[in-house]
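Go ahead and model the full structure; you've got the sequences and the hints to work with.
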Amino acid sequence: MLTRVLEGLRRSAELTVVDTSSTLDGFTIAALAACERAYLVTSLELTSVKDAKLTLSLFRHLDLQLDKVQVVLNRANSNVGFPADEVSKALGRRVSYELPSDVAVPRSINNGVPVALDSPKTKVARSLRRMFEELEAELLSAPTLGHSSLMRAARPRAAQS
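Per the working numbering, the sequence shown starts with residue 49, numbered consecutively.
Hints in this document: simulated from the structure, not taken from any laboratory. Idealized CB from N, CA, C, for every residue including glycine. Keep in mind that the hints are not guaranteed to be accurate.
What the hints assert, rightly or not - Derived pair list, reagent style BS3-like, types lysine-lysine, alpha-carbon separation capped at 25 Å:
#1 K116 to K101
#2 K169 to K137
#3 K169 to K116
#4 K116 to K98
#5 K98 to K137
Stated by the list, open to error - Simulated DEER-style distance windows between Cβ atoms:
#6 P131 to A185: 26 to 34 Å
#7 E181 to N127: 26 to 34 Å
#8 T76 to A138: 17 to 25 Å
#9 R178 to R52: 13 to 21 Å
#10 F130 to S60: 39 to 47 Å
#11 V161 to E182: 21 to 29 Å
#12 E134 to S60: 28 to 36 Å
#13 L106 to F130: 21 to 29 Å
#14 V53 to D111: 21 to 29 Å
#15 L188 to L165: 21 to 29 Å
#16 V66 to S105: 18 to 26 Å
#17 L110 to R155: 31 to 39 Å
#18 L50 to K171: 16 to 24 Å
#19 I77 to K169: 36 to 44 Å
Okay, here's the thing in structure tokens:
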């Protein structure tokens, strides 16, 4: 069923974002198989890095394309005794984005407003903007999107008769 929903979204919208749970169930695997880009979010805790490594191993086992997976290091400036550069070594791939820990994040959640709007001058908001801008630049260079903006691309396409 999810595969049909994702196929329908692909036909009706230029961009679909699916925020999956951390559980690798049938729904998550179907979404990953259908996606063009996946972000694997981990943090500096040893258990989180271990889980990320196991997840990448499972992706290989399921023949999911690892080249579409980018690693995001959340709370990257936390001083927990496991240096950020060790994450890349442990995972065997580069960390694409580092998002710093910031009190603005829980505050924005409590306010019900994205941190980039609630606290736009914070380091975490700037890091998220950079991540978004790089995704936007990639999408704008894709032949299917031409010169449209990411925000326009996120809107549904007009129905075709």
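Going down the list of hints, with the structure as the test:
1. A threshold of 25 Å between alpha carbons decides the hint, and for K116 with K101 the separation of about 16 Å falls inside it, so the pair holds.
2. With a C-alpha separation of about 31 Å, the suggested pair K169 and K137 falls outside the 25 Å cut-off, and the hint is violated.
3. Taking the CA atoms of K169 and K116, the gap is about 30 Å. The hint is violated against a cut of 25 Å.
4. Restraint check for K116 and K98: the C-alpha separation of about 20 Å stays at or below 25 Å, so the hint holds.
5. A distance of roughly 12 Å separates the Cα atoms of K98 and K137; the hinted pair therefore holds under the 25 Å criterion.
6. Distance hint check: the CB atoms of P131 and A185 are about 29 Å apart, consistent with the given range 26 to 34 Å.
7. Checked against the hint of 26 to 34 Å, the C-beta distance between E181 and N127 comes to roughly 28 Å, which is consistent with it.
8. Between T76 and A138 the Cβ separation comes to about 22 Å, which falls inside the hinted range of 17 to 25 Å.
9. Between R178 and R52, the C-beta spacing of about 35 Å breaks the proposed range 13 to 21 Å.
10. For the pair F130 and S60, the supplied restraint of 39 to 47 Å holds, since their beta-carbon distance comes to about 43 Å.
11. Between V161 and E182, the C-beta spacing of about 23 Å keeps the proposed range 21 to 29 Å intact.
12. Checked against the given bound of 28 to 36 Å, the beta carbons of E134 and S60, roughly 43 Å apart, lie outside it.
13. The given range of 21 to 29 Å is respected by L106 and F130, whose C-beta atoms sit roughly 22 Å from each other.
14. Take V53 and D111: their Cβ atoms lie about 22 Å apart, and the range 21 to 29 Å holds.
15. Taking the beta carbon of each, L188 and L165 are about 22 Å apart, inside 21 to 29 Å as hinted.
16. Judged by the Cβ atoms, the range 18 to 26 Å given for V66 and S105 holds: they are separated by roughly 22 Å.
17. With their beta carbons about 38 Å apart, L110 and R155 fall inside the hinted range of 31 to 39 Å.
18. The beta-carbon spacing between L50 and K171, approximately 36 Å, falls outside the hinted interval of 16 to 24 Å.
19. The given range of 36 to 44 Å is respected by I77 and K169, whose C-beta atoms sit roughly 39 Å from each other.
Consistency note: the structure conflicts with the earlier hints numbered 2, 3, 9, 12 and 18.
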